[in-house]
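Student: In case you want the letters, here they are:
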Amino acid sequence: MLWRAVRRSPLGLLGLTLLTLIVVMAVGASWIAPYNPTQTVGKPLEAPSAAHWLGTNDIGQDILSELIFGARISLLIGVLSAAIALVIGTGVGLMAGYFRGLVGALLMRLVDVVLVIPFLPLMVLLAAYLGQNIWNLIAVIGLLIWARPARVIRSQVLSLAERDYVLAARAVGARDGHILIRHVLPGVFSLALAQFVLATSGSILLEAALSFLGLGDPTQKSWGTILYYAQARNAFLSGAWRWWVIPPGIMITLSVLGFALLGFALEEALNPRLKGRGATAEWRASQGHGSPGLGGRLKRLFTHPTSQPGSAPDVG
Amino acid sequence: MPAFKQAPLVAGLLILGLLLAACSSAAPAPSSAPAPAPTQAAAPKPAATEAPKAAAQPTAAPAQPTAAPAQPTAAAKAAAKTSPVSLRIAIPADEGILQPYAYITGYPGWNMLSLLYDALYVFDADNLPKPWLAKDAKASADGKTWTITLRDGVKWHDGQAFSSADVKFAYEYYKANTHSRWTGPVRNFTSIETPNATTVVITLPSPDPQFAFRVLADLPIIPKHLWEGKTDPKTFNTNVGTGAYKLAEHQTDQFYRFTANPDFFAGKPAVDELVIPIIKDPNTIFSALKTGEIHSTIRILSPELVKDFQSNAELKVQRGPGFATTLLQFNDERAPWDKTAVRQAVALAIDTQKLVDTVLLGFATAGNPGWLHPASPFHDPAVKGEYSVEKAKALLDGLGYKDSNGDGVREADGKPMEASLLVQSNQPLRIRAAELIAAGLKDIGINVKVTAMESNSLDAKVWPDFDVSKGRDFDLAMFGWSAPVQANPLRMVSLVHSKPAVGSLNIGGFKNADVDKVADEINITVDEAKQKTLMRQLEALTAKELPFLMLYYDDGIYAYRPAVYDRWIYQKGQGIFHKLSFLPDAK
Numbered sequence: 017m018l019w020r021a022v023r024r025s026p027l028g029l030l031g032l033t034l035l036t037l038i039v040v041m042a043v044g045a046s047w048i049a050p051y052n053p054t055q056t057v058g059k060p061l062e063a064p065s066a067a068h069w070l071g072t073n074d075i076g077q078d079i080l081s082e083l084i085f086g087a088r089i090s091l092l093i094g095v096l097s098a099a100i101a102l103v104i105g106t107g108v109g110l111m112a113g114y115f116r117g118l119v120g121a122l123l124m125r126l127v128d129v130v131l132v133i134p135f136l137p138l139m140v141l142l143a144a145y146l147g148q149n150i151w152n153l154i155a156v157i158g159l160l161i162w163a164r165p166a167r168v169i170r171s172q173v174l175s176l177a178e179r180d181y182v183l184a185a186r187a188v189g190a191r192d193g194h195i196l197i198r199h200v201l202p203g204v205f206s207l208a209l210a211q212f213v214l215a216t217s218g219s220i221l222l223e224a225a226l227s228f229l230g231l232g233d234p235t236q237k238s239w240g241t242i243l244y245y246a247q248a249r250n251a252f253l254s255g256a257w258r259w260w261v262i263p264p265g266i267m268i269t270l271s272v273l274g275f276a277l278l279g280f281a282l283e284e285a286l287n288p289r290l291k292g293r294g295a296t297a298e299w300r301a302s303q304g305h306g307s308p309g310l311g312g313r314l315k316r317l318f319t320h321p322t323s324q325p326g327s328a329p330d331v332g
Numbered sequence: 015m016p017a018f019k020q021a022p023l024v025a026g027l028l029i030l031g032l033l034l035a036a037c038s039s040a041a042p043a044p045s046s047a048p049a050p051a052p053t054q055a056a057a058p059k060p061a062a063t064e065a066p067k068a069a070a071q072p073t074a075a076p077a078q079p080t081a082a083p084a085q086p087t088a089a090a091k092a093a094a095k096t097s098p099v100s101l102r103i104a105i106p107a108d109e110g111i112l113q114p115y116a117y118i119t120g121y122p123g124w125n126m127l128s129l130l131y132d133a134l135y136v137f138d139a140d141n142l143p144k145p146w147l148a149k150d151a152k153a154s155a156d157g158k159t160w161t162i163t164l165r166d167g168v169k170w171h172d173g174q175a176f177s178s179a180d181v182k183f184a185y186e187y188y189k190a191n192t193h194s195r196w197t198g199p200v201r202n203f204t205s206i207e208t209p210n211a212t213t214v215v216i217t218l219p220s221p222d223p224q225f226a227f228r229v230l231a232d233l234p235i236i237p238k239h240l241w242e243g244k245t246d247p248k249t250f251n252t253n254v255g256t257g258a259y260k261l262a263e264h265q266t267d268q269f270y271r272f273t274a275n276p277d278f279f280a281g282k283p284a285v286d287e288l289v290i291p292i293i294k295d296p297n298t299i300f301s302a303l304k305t306g307e308i309h310s311t312i313r314i315l316s317p318e319l320v321k322d323f324q325s326n327a328e329l330k331v332q333r334g335p336g337f338a339t340t341l342l343q344f345n346d347e348r349a350p351w352d353k354t355a356v357r358q359a360v361a362l363a364i365d366t367q368k369l370v371d372t373v374l375l376g377f378a379t380a381g382n383p384g385w386l387h388p389a390s391p392f393h394d395p396a397v398k399g400e401y402s403v404e405k406a407k408a409l410l411d412g413l414g415y416k417d418s419n420g421d422g423v424r425e426a427d428g429k430p431m432e433a434s435l436l437v438q439s440n441q442p443l444r445i446r447a448a449e450l451i452a453a454g455l456k457d458i459g460i461n462v463k464v465t466a467m468e469s470n471s472l473d474a475k476v477w478p479d480f481d482v483s484k485g486r487d488f489d490l491a492m493f494g495w496s497a498p499v500q501a502n503p504l505r506m507v508s509l510v511h512s513k514p515a516v517g518s519l520n521i522g523g524f525k526n527a528d529v530d531k532v533a534d535e536i537n538i539t540v541d542e543a544k545q546k547t548l549m550r551q552l553e554a555l556t557a558k559e560l561p562f563l564m565l566y567y568d569d570g571i572y573a574y575r576p577a578v579y580d581r582w583i584y585q586k587g588q589g590i591f592h593k594l595s596f597l598p599d600a601k
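Each protein sequence line maps, in turn, to chains A and B. Throughout, our numbering is defined as the position within the first sequence, counted from one, plus 16. Throughout, our numbering is defined as the position within the second sequence, counted from one, plus 14.
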């Protein structure tokens, strides 16, 4: 399914390639990295050299090795918090789309509330209250980004719930739980996959932002943490930003972009609302509510970290 | 359609551009580093890898670059005689109303407060109390009565005359209105009398060896005619003192502006105007200093910037011992850290000099396990730390704490030797030090997990309600005390005494009868020679018993623009930002 969806989209392929490279890097970090990133292997704050391609950090650890191992933490946080977001988002989306009365209304208002929560101030509070470790970070990011997947999935459920086979199942007296799990859930599964990939890209970016601000776990080597120490040790004033800030910045950009491109491609291929984008896009444009193009969606992704792209217009 | 297709293209180009930018900006890096070494061109082929090391040499000798700006300084001094000097010194946070009950931090709040207010004595550059508003103060033979003679002709900022009545009023006000710093020293006074306008006689219930430190030199004198009858001191908006400066303006969270007090008793100060802008971000402060928007900052220069600032001809860097401390705090009540031998093993496994060289790039002094800074007059040079992994292992082996299951972690009385090392998440340097400590302890079979937490949460575990009698909940913690705790050596007693009332800073809950005995004696000894002997005993005991492990004392590194003002005085351990630097007879 994944391959079929991506095959027709060159950008999706690019995304998949990027991700494959990053995943290979994360999995094979122990073989690829020239040093153990937690050991002091050189003088502190060395400039790049043959021994340390990206120099050393403030306590003499190899920045290149930190970068390679950092892929593990960043991907782990991205994938796990996206998984949390998706489980909640799918659950809420299914319920809100299927039970349209009071339950649906209440759930959607809850979604609205979560969407407008100011993210960073809340994060500062939670970091102080829960303590700063990687699992709390995953849980918090997951708990704050489920709202957009929930909206997208709900809109799909709204249409699925009116399909003949669902109505038929209901007519023969199937219980709601049975219908939801057996007939509706499979219908949103592919859409959920696309949302998962997009949520991952968003949470990688969020992790980097939070860690950079010192709200993550400063003892874990993620890309955001590398940036945090670069900032704390004045890399911008001393010139070390060229090898201490730009490389993790690029890694974050590439992985976010990889997930985003793959997610968009999947969405294009799997979301019935965006399927056959040529004709529909023109039709939509004529209706005055065209879905934002890929460029527009990318822009949104990078200008606002919490905005998950690709939510279909909310029907009903 | 076309617009839709172009968007991804633009995105792709953007990535390409980023990659190219990264490559091209990373490329010149190695060549720019050795820039100050022109001889580099003559070096043969292996230069590429050697470059960073070579670059270290020319900058490692800071004496030459800092000596260079001598000429502009001389010119500035000549200019200072004709045009008024205005200095801009950045601080990181607002300090509230500058009066004794409302200022916020001990540094720089107290330093700013003391520009406006004076005490009877003042701490000189060696932190020793010297007469100030008082001409002299004498203790009676039994040490219980102090007779203080005040200066004549001192005036408050509002023109009123200063007299002994103000001193009596101030001390009694501090006794009546509780304040964490001012009330303790005056609480036990038996009486304060003022036989005439320039004499104050204070009677104490028992001799106080710290009277000059804690009372005479520390308590700011406030004017009776303004403060009398004020029942809510924290909100009283006043700035009238006898000090060298008057507060001309304060915009909350923006700046303070001080002007020289022309009627100051010691003469008109050397700097006519002090503007204190509030800049939160250290990066911004140091950039502003580089561009000349500010002339100095109370912030200590980050070690990684020292070389760069030293080689800048417009800036001067003063470096000296710092009394702010960083230490590894044990929970002395919790097993296995309650055993002296375990604490000794931990101390042996931590290479404090390596911490200094790695985390602080050498800009600190390695810790004396006996607490006192090596520059302190009370320090006994015989007391030294030691680094020996072998000895550490032998100590633990001797206790029978061995790794019986082969997982690399020793077991102490059946439990694996594991600990959580708490560290403030907003202190990146301490986190780094904690990581290195954990690596060192791993080598001797102790598994330490570094746990970063927000500093208030950490305080709540290590020092709940800032009251050591309320217990503690931690294994190990990175901790530190600000410079004043170290600056007055006798305060060491409060770090190690087991009674909370005396050992108010004994956050580890350390208990040792020998230590208590010596500490008690120090608290009632007035004779200086005897005091010194006792302090040496206490230092040696502390180094042996290790209620905490002193890791390092950060150097004070201060940068300023000498062309604007170059008569700073380095107060030992406390830096250059204090009133001595601005006085007319400075240097």
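Hint data in this document are derived by calculation from the structure and do not stem from the laboratory. Every residue, glycine too, gets a C-beta built ideally from N, C-alpha and C. Among these hints, one or two may not hold up.
On the chain A side, residues computed to face chain B include the following (Cβ under 10 Å) [to be verified]:
no.	residue
1	A49
2	P50
3	T54
4	I75
5	G147
6	N149
7	H194
8	I197
9	H199
10	Y244
11	Y245
12	R249
13	A251
14	L253
15	A256
Sample of chain B residues lacking proximity to chain A, with all beta carbon distances greater than 12 Å (derived) [as the list claims (entries may be wrong)]:
no.	residue
16	G157
17	P296
18	T298
19	V320
20	K368
21	A447
22	A448
Student: Does each hint hold? Answer for all of them.
Tutor: Verification of the hints:
no. : hint : result
1   : A49  : violated, 18 Å
2   : P50  : violated, 14 Å
3   : T54  : holds, 7 Å
4   : I75  : holds, 5 Å
5   : G147 : holds, 6 Å
6   : N149 : holds, 7 Å
7   : H194 : violated, 42 Å
8   : I197 : violated, 37 Å
9   : H199 : violated, 35 Å
10  : Y244 : holds, 7 Å
11  : Y245 : holds, 6 Å
12  : R249 : holds, 5 Å
13  : A251 : holds, 8 Å
14  : L253 : holds, 6 Å
15  : A256 : holds, 8 Å
16  : G157 : holds, 49 Å
17  : P296 : violated, 7 Å
18  : T298 : violated, 10 Å
19  : V320 : violated, 10 Å
20  : K368 : violated, 9 Å
21  : A447 : violated, 9 Å
22  : A448 : violated, 8 Å
Going down the numbered hints, you'll see the structure goes against 1, 2, 7, 8, 9, 17, 18, 19, 20, 21 and 22, while the others check out.
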